[in-house]
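So you can see what is in the structure, the chains are spelled out below.
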Amino acid sequence: MSDIVHLTVDGKAIEAPPGTLLINAVKRAGIEIPAFCYYDGLKLQAACRMCLVEVEKTPKLQVACTLPVAEGMVVHTDTPTVHEARKGMVEFLLTNHPLDCPVCDKGGECELQDMTFRYGFGESRFLEQKQHIDEKQWSAVVYFDRPRCINCYRCIRVCDEGMGLTALGITNRGVLAEIIPNEHDHLNCDECGMCIDICPVGALTSGMYRYKTRPWEMKHVGTICTHCSNGCKTTLGVRNDEIIRGNNRDRSGLNGEFLCIKGRYAFDFTHHAERLQSPLVRRNGKLEAASWSEALAEVAKNWTAIKQRGGRFGVIGSTRTTNEENFFLQKFARQVLGTNNIDHHRSGDVPTLLDALSGRTDALATTADFYERKAVLIVGADLSQEQPFLAWQVRANVRHHNAHIYVATPGPVREDRVAAASVRYQEGGELASLENLREKLRAEPELVVAFGDAIQGDAVRQLVNFGDSLGVPVKYVALLDYSNSRGALDMGLLPHLGPGYHAVDTPGMSLAAMLADESLDALWVVGANPLGRHVLAASKPFVVVQDLFLTDTAEHAAVVFPAASAYEKSGTVTNLCGEVQRLEAAIKVAGTKPDLEIFGLLAREMGANLGIWQASKIFEEIRGSVRGYNIPLPILTTGGAAQTAALNGHVPAPPRAERIQAAHNTLFTSGSLGQFSRTLQVVLEAPGALYQGR
Amino acid sequence: MTFSPALEARFAKLLTIYPEGRQRSAVVPMLMYAQDEVGCVTRELVEEVARRCGVQPMQVDEVIGYYSMLHTKPLGKYHIQVCTNISCLLTGGEELYEHAKKTLGIGNKEVTPDGLFSLEEVECMGACSWAPAVEVNYDFHHHVTCEKLDRLIEDLRKLK
Amino acid sequence: MLYNEPNPLETRVLTKRFGIPNSEKAEVYVANGGYQAFLKATGMPPEKIIEEVKVSNLRGRGGAGFPTGLKWSFVPRTSPKPKYLICNADESEPGTCKDRLLMEYDPHQLIEGMLIGGLAVDSHKGYIYIRGEYRYLITMMEHAIDDAYAHGWLGKNIQGTGFDFDLYVHTGAGAYECGEETALLDSIEGKRGVPRMKPPFPAVAGAWGCPTLLNNVETYSAVPNIIRDGGAAFAALGTPKNGGTRLVCLSGHVNKPGVYEIPLGYPMLEFIEKFGGGVRGGKKLKAVIPGGSSCPVLTASECDIIMDYDTLAKAGSMLGSGGMVVIDEDTCMVKAALRIMRFYAHESCGWCVPCREGTTWLRKMLQRFHDGMGQASDIPIIGQVSKNMLGRTFCALGDAAAMPTISIVEKFREEFEAHLDGRPCPYEHKPAMALA
Ligand SMILES: Cc1cc2nc3c(=O)[nH]c(=O)nc-3n(C[C@H](O)[C@H](O)[C@H](O)COP(=O)(O)O)c2cc1C
Ligand code: SF4
Ligand code: FES
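Protein chains in written order, with our numbering: chain C, 1 to 694; chain Y, 1 to 160; chain D, 1 to 436.
These are computed hints drawn from the structure, not numbers from a lab.
Don't be surprised by glycine CBs; every beta carbon is placed ideally from N, CA and C.
Careful, some of the hints might be misleading.
Said to hold, decoys possible - Below, a sample of chain C positions facing chain Y; criterion: calculated Cβ distance under 10 Å:
#1 Thr166
#2 Gly169
#3 Thr171
#4 Leu176
#5 Ala177
#6 Glu178
#7 Glu183
Please model the complete structure; the sequences and the hints are all you need to start from.
Okay, here's the thing in structure tokens:
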């Protein structure tokens, strides 16, 4: 068989690899064949019959979405018969479709509306009564309006194939055929909204967005989801400084169109009623609203005093703030406060992994590797719950490339359903359990290994040894918690390592040590809530907090600064695979300031000169000084993800090994921030649990 | 759920006749045989069949809406199905159906208050050459006239 | 007891044992020459069995008339996968009621036909998919199968031939679409009976993804006769390329409706006269649906033809499933079109747009028309909408709905016009459809 097929479409010569579907082959010649049910990456349906074309020597019109190209095929997509057929299909679709476009959420971005304009009749010949069926609510997120549905099965397929859930089905037949949820009258699912966004019409709508606005009344801002560490792009629809919706229909980020409930809907914390919108200063034991200058002065005064008397500082950074902010913060701590007591909530042992892989190239996995590599091993993570996008990649890899998935977890996970083999272990038995997979893994041509916090310290080196012993190329990734967990590490929010994992002269206290230090004088917590889980040993330290909400930690503060969220600032974040992407400010919340600006103002108030606090300038500094970050700017400025380079050198271990403990969020939790997302709170599935096989 | 020993035996056989791992094939037959005993396809039956065949209950929901002989509401003890499709239509099936409605005092897919009879206008049931035809539960009646139907209904009423 | 008197003019090949008491007993079948063809076939190479079926010019009796021998040759005999044999006993095409008789009066003939099919394609497991309404036949067929097992005609090492074959019955649950072969496959897998994409054809990837031979009851039932008497003898009964006899289900406005076995190529009008005893009440013939409601109707003047696949195709219709419906002069063709469309709208599985929406639209339009609310402009629309379905739907159900409708609006346009402007149906007052 030749590896290229020649055909003629509308008089143009086209080449395509054998097996290419006609509907895709014509795109190269700039020809478009309309389609509803055909959807790239999902199973073929041939149900909407919109893609009919004429193929010479075949009597009937042919369905381009399922027809593979053939040598010498002559196709016509632009004949009166084809136009007639398309008109006919649009007309059929409209017979039972309500003409409620003016009130339909999809109006303005509805594929049926567009097709009607492009291919339909001017007027309707249908004079009969339309079928009416009442709208149904299936969950806090998903609403279904049957009359608008065109039965394209996209929702069913994306749920089944894309999400691995099969939460949607179809019952009845003929014109009464109707999409149904898995729990008879409601849904029990990921509430990801994939079905809603993939619906070409307004049949599936979201409880968050419905009836709120029209697409053209919003400005659309592409930024990076602030929740987990996968780094999905989310396009926020904004009107009047309010985020109305999130989606990624333009498939522009590394996540394509994928988003989980957090990326798509959990932006609602931004306008939560409890959002801090003014600095707070403790007066007479109570936190009271204060002006920025009062609050800044209060902090500078105390810090200066503590510094002068040689007091002990502790600084805890954030896993959701930008690289620029983290870089600036550690500089502030080290240069202005003069301390290496800086840390953050660590969730994965990246430093040890980097050290173990030192000197290798091509040993760190990218998010794309989860879709492209022939085999993936998941150790100690409930991927579908904790790392939703990686899980999506893995499922797509199985579907499209027959990849082999291996799972070693303490309990059942969704990946078991597509896995070539799964093993279970009890805590401590992680590495031993891998021995049961050794033979199978050796037979793989290549492997990607993703591991959670169950593998840390020396176990990371043992895991790498195990990988080496397989005799196949292996790439690794340490799974992390939040949107910039990786950036916090890379930027040196660590007591013993500075930016780029360079050792510092005298290692400072770790997060746990700071909290346990009875003589701590000052604690500065930026975008973190350590006191949500730990107690502070020191009796009267001067606590400064920057946050969106009055967290448990903020309740202990002397001064609280209202911070802007990730959706309200610019800068860069680095996902768990070391891919750097840019944040784009979508809204502004009155009274708040980005953390970077707060740092800058504090530095100025302290009379320190740390350079200007402008994200782009600081990023230049990062590019120039942080190992691995000399990445091409054009990729970032065009909204892409730039891969950081692998480290090449030794990464010193911490002076004292400490237990790293990830947050282990489910799909419906997101640390302290998640408590302020109404969406995450109200879905019936929340808070969910790991290792239930869901 | 518990079923009669005969039905249990049928279920047991059903689960063996399809290829290994293909027990989903038994879903429709199980529903068909079970609804005769249970009266209709109840929620409980859906879950039970799903469990026995190793499928999601939704996958059972998908089929019960699809197949016209699966009913989610109880039928009468005697389910009278009158065919009005083309061969029966030409030989009086429609008049027969209208007559049945009047005699029983119920409409399509309705049940008499005493629960004895239900009526359904059905599509061709394979009795065209002996039309018009009526099926009562699973019994065929050929060349039915209004008088014959009346007699049949009377007999069934007596039988209870 | 037979449902209708046989006619002496019949050529009884498949029906020759009809009426023998206790026919569900294997012994009775054997005593009447049964299972001999199977034993003969066990001594034939599979290619030879298929060759005989090809020579017989047997064409599928389910509706499409595809050459059976050719279909058998498509099954990859050497595939390492299990191969399945399926008998389509969903018989739901309006006008058709013959498979019922074949299972009721001679169940072992069907079993024997399937056994021979199993030998031909190296299959050892078969299923008879019987429509749910035929519950009594499911029971009868199960008894016949049990008896065949008991007498060693099914199961392991059948009659010491070394051939194993298991046969089961699967019940449908009320869905015409499940007669379509690929929808039947989804249905037997426990799903909604929605058609599948072709290729792959069932012969290559059918039930549970394995090679599957699927034929109609009548098709399988013909096979023992072909093997016993030779393909040539069967072929000689019919016309070129249209071998053998077939069961015609005569219904509608005739004096003696019934199922009759006649050779292919029998003249249609003669059949109506000699078998049906002519049009009932001495009325004039208006139209004939030659092979089930999916076929384009023929006007009385088009009926002077012989009945085989090719001749009917040339006449713009089809031999279909053998359901022949005779329509007299007092019948409203708008009503006939409406009733047929009601059926297809009810039975559309809903998978593809043109069939799902088109059948319902046409049903509503025809209803309005028949109710006297039609407009002159609707008449061409009925035809156009049907043509928008024709050849463009996912499976042939859409065609089945479009074809009769197109033929009725084209051939009986004046009857549509007679319903315009609020006029009552001109046929409604006639007691033509009154009960016999
Ligand atoms: C909508 C539709 C319904 C059908 N119903 C039946 C049926 O009830 N019985 C049948 O034998 N074939 C039916 N067929 C034809 C089958 O698809 C298939 O061609 C046939 O069973 C093959 O067997 P044969 O080659 O022996 O005819 C139907 C086809 C379509 C498109
Ligand atoms: S709900 Fe939307 S996506 Fe699902 S079948 Fe209907 S139109 Fe298609
Ligand atoms: S895109 Fe081809 S049928 Fe829908």
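Now for the hints, and whether the structure bears them out:
no., hint, result
1, Thr166, "holds, 7 Å"
2, Gly169, "holds, 5 Å"
3, Thr171, "holds, 3 Å"
4, Leu176, "holds, 8 Å"
5, Ala177, "holds, 8 Å"
6, Glu178, "holds, 7 Å"
7, Glu183, "holds, 8 Å"
Violated hints for the displayed structure: none, as all numbered hints are satisfied.
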